[in-house]
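Undergrad: Going down the list, the sequences are from chains U and H.
Going by my numbering, the letters in the first sequence line up with residues 1 to 245, in that order.
Going by my numbering, the letters in the second sequence line up with residues 246 to 650, in that order.
Warning: the hint list may mix true and false statements.
Reference listing, derived: stretches of chain U covered by chain H, where coverage requires no fewer than 3 residues with Cβ under 8 angstroms from a Cβ of chain H [unchecked claim]:
no.	stretch
1	51–61
2	75–85
3	104–111
Everything labelled a hint here was simulated from the structure, so no lab data went into it.
Where a beta carbon is used, it is the ideal one built from N, C-alpha and C, also for glycine.
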Amino acid sequence: MNHAITANNLTKRFGDFTAVDAISFEVDKGEIFGFLGANGAGKTTAMRMLTGLSRPTEGEAMVAGYDVYREPEQIKRRIGYMSQKFSLYEDLKVRENIRFYGGIYGLPRKQVRQEADRLIEELGMSEFANSLVSGIPLGWRQKLAFSIAILHRPAIVFLDEPTGGVDPVTRRQFWEMIYKTANEGTTVFVTTHYMDEAEYCNRVSIMVEGRIAALDTPQAMKASFGVETMNEVFLRLTRPGGGNT
Amino acid sequence: MSYVPMCLGNPGKKSYVPMCLKRKQDYKFFKINPMGTNKKLSIFIRKEFYHILRDRRTLLILLGMPAVLVLLFGFAISNEIKNADIGVLDYAQNDQSQRLTQRLSASEYFTLALPLHSTQEIEEAFRAGSIKMAVVLPPKFGEETARGLPGSLQLIADGTDPNTATTLSNYASAIIGDFLQEQQPLQQQPMVIQTEVRMLYNAGLKSVFMFVPGVMTVILMLVSAMMTSIAITREKEVGTMEVLLASPLPPPLIVIGKVIPYILLALANTAVILLLGTEVFGMPIRGNYALLWLECFLFVLTALSLGILISTRTDSQQVAMLFSLMVLMLPTILLSGFIFPIESMPLPLQVISNIIPAKWFIIILKDVMLKGGGMELVWQETLILLGMTVFFIALSVRSFNIRLA
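Produce the complete structure using the sequences and hints provided.
TA: Pasting the structure below:
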């Protein structure tokens, strides 16, 4: 019960194609776990299995103490999820989005209202509170989407490339929010394409062709490859023989 | 309500116990006020109404379309012909011929546009488009019939528009037949069988009686099937569906929440069409109102199940729309018997028409509204629609599960 997530030989096949090939790992509670890999390496598929969006073909996985096969409903109540695509409704106002997502996670109305006020103030979005989400800048939207994903205070929050297309300043602020959330005890499971972000994670796994090629702290990983940056580690792993050029 | 205070503001607070450090069984105490499914559903439906109300185009289709279609079909597109221009070439110029001419122009179907003086003028008038039909009365018109011999006259109609031509010549024949009857009320006409035609349920052969059920079918199909399939695929396309599926909302609740607003809109549209049909165009509702509404509701469900099926098979709004138009709307308009009679279709199309839900719904509507029939008359069609609905829902559930697995 010390792990937020445990996966054991978790596998997903689509016909002949094995998208995720018997991956095994553990994520500690309160940890920021970076889930890296090239496009098509199986990150999203693995994440979908952990969030109950997709049923594994084989293997076992426990999320927040529940089995992904038998108790997906329990898992869904205890996780937050921010999808690769934009997860808010653009034709709803900021406050309406907060109210909607708070509502479907079962937060009482009064509390949702309080949370909405607090959130809008914390994000410094009071000028946007009653405007449609389509009218606010992307950086704000992503921060709002993240805040909404953790509105119901999940045990684990899954972030699928949350900072894609966001400017460096906002990315920085975004990671500050992630840290804060992790400090409060929520486990953060995050996929990213930015190698500088990988350095921020407590531990990182790198997927190559459906398998986990490496799993360690960024420091240890860099040391074992004898390189300076995570970027080099990533290139070594995803392009065997390459990386020096 | 036990709820651990939010600590974003004061992360250093010692008393805070992070959720994930608690034991499994503690979750249920921690878990914020167990809220009823109904409440979640109502939140979802409210969100759906925001979508509908904020999209002008959708709103226009949903609210404007029914009224526009009914009025368009009612006033502009009509199979009945009123005040068609005709010309009379009267060679007889006698009492009888003039009375017949008067009789024709007095009817609401015909207006005497111009007198004709030669066969050449007939041709010219048709070419100019100034008349739709010409009546040629021979010299000594009426004299043979007065003596009990068969007489004759000629009707010339514009064959470029066969439907109008047939209708006009039928109207004219009927008027002429009546006229001759009246001329010799006492005299028996030997060797002639009098056919007395009575059009049951629609004595005036009003086309309103055809198009109100037809328009209703098209609108319900549009709102229920097309709009819902677009609404559901929009969530997929935008990416919010993933988030909803990862939330504690059960998938059936997501679908129900998405379709309920459209059910309400479809029923509101039904009311508008029925009201316009009965109040503006005098369409009768002879059967049971409750049964009529029940059948409408059933058809809405059938259409919804089709819309849901489409949305489980596609991820883009555009594909959903094209698919709805090609696979649902076109057959609904063309193969349901709304515009073209099924009896006059080639056999393969007649067979295909059986799998078009609209065909059965139109039959039900006519039976209930015009014939005043009850369940004993429409139970077969009702069962067919019910069966189709169950079938489509089962298919949707299947493809949904395949996607998930």
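Undergrad: Closer than 8 angstroms Cβ to Cβ for three or more residues is the test here. Does the stretch 51–61 of chain U pass it with chain H?
TA: holds (count 5)
Undergrad: When I compare C-beta atoms, does the stretch 104–111 of chain U have three or more residues closer than 8 angstroms to chain H?
TA: Coverage by chain H holds for the stretch 104–111 of chain U (6 residues, Cβ < 8 angstroms).
Undergrad: With a cut-off of 8 angstroms between beta carbons, are at least three residues of the stretch 75–85 of chain U near chain H?
TA: holds (count 9)
Hint compliance for this structure: no hint is broken.
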